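Kindly produce the complete structure, drawing on both the sequences and the hints.
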Amino acid sequence: MADAVFHALLWASGALVLLILGAMIAMLAYDGWPALRHFGVAFYTTAIWNPVTERFGAASMLFGTLVTAVIAVVVAVPVSFGIAFFLTEVCPQALRKPIGVTIQLLAAVPSIIYGMWGALVVAPLIAAYIQAPLVALLSWLPVVGEVFAGPPQQFSVFTAGIILALMILPFITAMFVETLESVPAMLAESAYGIGATTWEVFRNVRVPYGRTAMVGAGMLGLGRALGETMAVTFVIGNANRISTSIFAPGSSIASVIANEFGEAQSGSLKLYSLLQLGFALFVISFIVLAISRWLVRSRLD
Amino acid sequence: MFKRISAAAVLAAATLFAQPAAAQGVEFTGAGATFPAPVYAAWAAAYKQATNNTLNYQAIGSGGGINQIQNRTVDFGASDAPVPTDRLTQQKLVQFPAVIGAVVFIVNLDGVNKNQLKLTGEIVADIYLGTIKTWNDPRILAINPGVTLPSLAIQPIYRSDASGTTFVTTSYLSEASAKWKAEVSAATSVQWRTGAGARGNDGVAGAVRNTKGAIGYVEYAFAAENSLTTTQLQNVAGQFVEPTTPNFQAAAAAADWENARDLAASMINKPGAQSWPIVSPTYILFPRDPRDAARAKAALDFFSWSFAQQGGQIAERLHYIPLPAAVVTRVKAAWANVHNAQGQPVWTGPSQ
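Chains as they are written, first to last, in the working numbering: chain Y, 597 to 897; chain R, 1314 to 1665.
Treat the hints as calculated values from the structure; they're not laboratory data. Just so you know, these numbers come straight off a predicted model, no measurement behind them. Treat the hints loosely; a few may be bogus.
Footprint (simulated), chain Y over chain R, 3 or more residues, beta carbon under 8 Å [unchecked claim]:
hint : stretch
1    : 1495-1503
2    : 1515-1529
Pair ranges (Cβ atoms, derived) [stated by the list, open to error]:
hint : chain 1 : residue 1 : chain 2 : residue 2 : range
3    : R       : A1455     : Y       : T840      : 30 to 36 Å
4    : R       : A1647     : Y       : G636      : 43 to 49 Å
5    : R       : S1464     : Y       : L730      : 18 to 24 Å
6    : Y       : A611      : R       : Q1362     : 51 to 57 Å
7    : R       : T1398     : Y       : T641      : 35 to 41 Å
8    : Y       : R889      : R       : A1647     : 57 to 63 Å
9    : Y       : A704      : R       : T1661     : 53 to 59 Å
10   : R       : L1462     : Y       : T840      : 28 to 34 Å
11   : Y       : L730      : R       : T1342     : 47 to 53 Å
12   : R       : S1464     : Y       : E685      : 50 to 56 Å
13   : R       : P1397     : Y       : I644      : 20 to 26 Å
14   : Y       : A724      : R       : N1539     : 19 to 25 Å
15   : R       : A1639     : Y       : F882      : 55 to 61 Å
Just so it is clear, CB atoms sit at the ideal spot from N, CA and C, and this is done for glycine as well.
Printed below as a string of structure tokens:
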């Protein structure tokens, strides 16, 4: 009897997760549908967001969401890799623990703190010491120059990408460390035994062994970066435009929802459009996370 | 005989109910606009001390306030932008102004002091449209003789969150510039042509403070508390005026309350040599058929108290402008449209 009840409870707990996820996506799809019906596919291809004339298009937010997330991953993955390698191979035993704990603490800092710190401290530093030299160095180039053009702006897609990179760094690092440590000691020792250097062991044994899991870790970071809201809202500049320069202000799906949801009246086209944006974000995150889970999984099996 | 007994019973019941209510205090709720939230909070604190009645006000934004009062989940809603008449009728709402506020422009320019820089609505519109790009633009220099303005890029900053402050500011720019009206127009959030957005008044103030060459707009209450570098503006009389309480009051007094539909009188660009051009009331939305008449009466008592002397002093201390006495009379007259289930007016005068 007790077994049967326990069995049923476990089934119910498992089913609950699927039910909640299903209810969420059904709600977003249903409530956002009027926006798609009204604008058609143009909702995803136009970059107009004009509450006055009630014309809404998601292109600039999709663009901002993807660009900030890609910048975040491109910056965070190599640094995470360096930290993880340092911790597993080079770091003296006494330092390993403090650095490991510090990384975990970074992961525990609430995102709004990253936002405030980003807006007040990091953004001015980026404008003065990263953007200005990059603009001076690269803006004269024919095509690349466009990407790095513009007057010094503290709030930009680039700043948001850097803040996101700092936020996803601890997660990616933790997974890299775990992956590198899961490499069987015998494999590494055999390589050392035939005279390989630390670099060669790393390059030819550890990395190939954990490659899929590492790609998965990067994708998980990307998934987190896509949906981050408050920190991005503080530093992205909140301009619903597509700019060729990464130093221009932009917006992401999450930041637009955070900014406009409070003033969107029930039954308005604006609210439907925001819900449709939420649906798009849900689908994008779902796809990215599914791919990353699949990559991590296929390595562990 | 029977009639007399029942009347006595009703009276006894009423005193029985009234007694504990006075001791415990009534709790009533409101939600909406963030622009007047500081003054509502200060009023609520002082009012609780005076009467033991508690206001629970949630500053969730005007749109949220309108939604909540439509669903009757709060006793009153609050909105910075007036609600159209047909919508008020359809939702059975009474609208009235609660307090008046002003919006000012703030700048970050080396060597430019508070209220030194002169601007016109048309110039500000062109700055936010992106057609005036640097501070030493001939049109800015022309009205600012004696002020040293650098050849620095102007960095326009706006509110990224949909807000009443943006509605008031863009309404002003629409009246000042035909181009602005045609291309951008006025709303709680608009399609900005240039610049960057920051969250809330403090976000805009912080962004302007950190960015050389920035211009932004905030509520006056906020600029005064933080000693930000405000500017002068040209009013319809052609005068350049400083953002001061007497100049805000001049604009409020010049508003056309006589012909205001649903007590929504525009205070933007009002005549008068003294009038500051961006002044606006913020509104309360009240159900004509409140679900709980006792709470509705408590809420109206609260506003009646807020309009009186002590409430007015609190508002002025926070750099808001109390409603002119003539307007308070109109507001209280509008309250006669709030009825209980028996069809009686809920509010017939202050209870204390």
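Mind checking the hinted window 30 to 36 Å against the Cβ distance between A1455(R) and T840(Y)? 34 Å, holds
Within 53 to 59 Å: is that where the Cβ-Cβ distance between A704(Y) and T1661(R) falls? 57 Å, holds
Lying within 50 to 56 Å: is that true of the beta-carbon distance S1464(R) to E685(Y)? 54 Å, holds
Would you check chain Y against the stretch 1495-1503 of chain R, counting CB to CB pairs closer than 8 Å, and say if three or more residues qualify? With 7 residues close enough to chain Y, the hint holds.
Given a hinted range of 55 to 61 Å, is it respected by the beta-carbon distance of A1639(R) and F882(Y)? Holds: the Cβ-Cβ distance is about 59 Å, inside 55 to 61 Å.
Cβ-Cβ distance between A724(Y) and N1539(R): within 19 to 25 Å? 24 Å, holds
Taking the CB of T1398(R) and the CB of T641(Y), does the distance hold inside 35 to 41 Å? The hinted range 35 to 41 Å holds for T1398(R) and T641(Y), with Cβ atoms some 38 Å apart.
L1462(R) paired with T840(Y), Cβ distance criterion 28 to 34 Å: At roughly 30 Å between Cβ atoms, T840(Y) and L1462(R) fall inside 28 to 34 Å, so the hint holds.
Outcome of range test on Cβ distance (A1647(R), G636(Y); 43 to 49 Å): 45 Å, holds
Just tell me: holds or violated, for the beta carbon distance of A611(Y) and Q1362(R) against 51 to 57 Å? At roughly 53 Å between Cβ atoms, Q1362(R) and A611(Y) fall inside 51 to 57 Å, so the hint holds.
I644(Y) and P1397(R) - C-beta distance against the hinted 20 to 26 Å: Holds - the Cβ-Cβ distance for P1397(R) and I644(Y), about 25 Å, lies within 20 to 26 Å.
Measuring from beta carbon to beta carbon, are L730(Y) and T1342(R) in 47 to 53 Å? 52 Å, holds
Violated hints for the displayed structure: none, as all numbered hints are satisfied.
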